[in-house]
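Chemist: Spelled out, the chains give:
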Amino acid sequence: MLPVIPTEFTPWASLAGGVLIGVSAVMVMLLFGRVAGIVGITSGAVVGHDRGWRIAFVAGLIAAPLAWFGVSGNFPEQQVSDNPAGMIIAGLLVGIGTSLGSGCTSGHGVCGLARFSPRSLAAVLVFMICAAVTVFLLRHVA
Amino acid sequence: MRAMFGFLSGLIFGFGLIMSGMANPAKVLNFLDIFGNWDPSLAFVMGGASVTAFLGYRMAWLRDEPLLLPDFDLPARGRIDAPLLAGAAIFGVGWGIGGFCPGPAWVALPIGATGTLVFVPTMLAGIFVGRRLKARA
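Protein chains in written order, with my numbering: chain A, 1 to 142; chain B, 1 to 137.
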C-alpha cells in the first residue's frame, strides 16, 4: 500500500482532462460504433475480430506519457506503490473484477453513465463504495 | 485508417488521464479516502467525461452507422445480475489497494515504476481468468 501522499485539489485540470476523455469516447462511438471501455478494448485487442483499431488504441494510451514528455519536457507526476505483493493482488483483482463485471471506470463510469445504463450505474455505485471502504480499512483501520 | 484513428483516440484518452491527475495512483487513492486526506478532483474528471460523452453520443447516433465500421454495437441493456455486482465489488477492492484502474495502468507503463511493471501483467492475467468465470456464470 502506498503511504499517504497529499495531493492538491485540481478542479480545472481535472475537468479539462475529463472533457478530453469524453472527446475520445465520442470519437470511438462516431468512428467505430463502440463504447470506449478500456478493459473491453484490451481484451478485444487480444482475441476476437476487429483487433486492429483496439491494438492501436492501447498503443495510443502507452504513447501518451511519451508525447506528454515531448510537449512538456517532463514525465507525468506519479507515485506508485512498490510493494510487489500488494500490486500483484491489486492487478489480479482489477483484471478479474472488470472482466467478470463487464467494465471498468471508463466502460461503466464514463460510457455507461452517458448511455443511462442501469447496469453501469449499479456497477459504478458498487465499485466506488468497495474502493472507498478498502482505502478506509487500509489507511485508517489496519 | 482504422489504426490511425484508433491510435489517435487512445492518445487523446491518455492525455486526458494525465491532465486530469487520474494517471497518478496517489491522487486516485486520495479521492477514495473520503474520511481522510480527501481530494475531490476526480469527481470533476468523471463529470467532465460523462457529460461530454452524453452530448457527443447523441450527435454520433444521428448517423445510421459509424464512420469506419459497418454498425453500432452497444452493450446489451440486460438485467443487473450477480456477475456484474460481484465483478464490480472485486474491481473496487483492487482499485482501492493499488490506485490503478486499467486505463491509467496502460498510461503508466512506459514510465516504468516497479509497481506498474508488476500490476500490468497480473491485470492481463486477471482479465482472462475473469472472462472464464463470466463464461461459466
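Hints listed in this document are in silico derivations from the structure and should not be mistaken for laboratory results.
Even glycine gets a Cβ: it sits at the ideal position worked out from N, Cα and C.
Check each hint, because a few of them may be wrong.
To be verified - Per label pair, the in silico range of CB-to-CB distance:
#1 72/B / 142/A: 40 to 50 angstroms
#2 84/A / 34/B: 46 to 56 angstroms
#3 40/B / 47/A: 33 to 43 angstroms
#4 77/A / 64/B: 38 to 48 angstroms
#5 110/B / 13/A: 18 to 28 angstroms
#6 135/B / 77/A: 34 to 44 angstroms
#7 78/B / 5/A: 32 to 42 angstroms
#8 81/B / 16/A: 34 to 44 angstroms
Chemist: Hint by hint, work out which the structure violates, then give me just those numbers in ascending order.
Modeler: The structure conflicts with hint 2 only, although it agrees with all the remaining ones.
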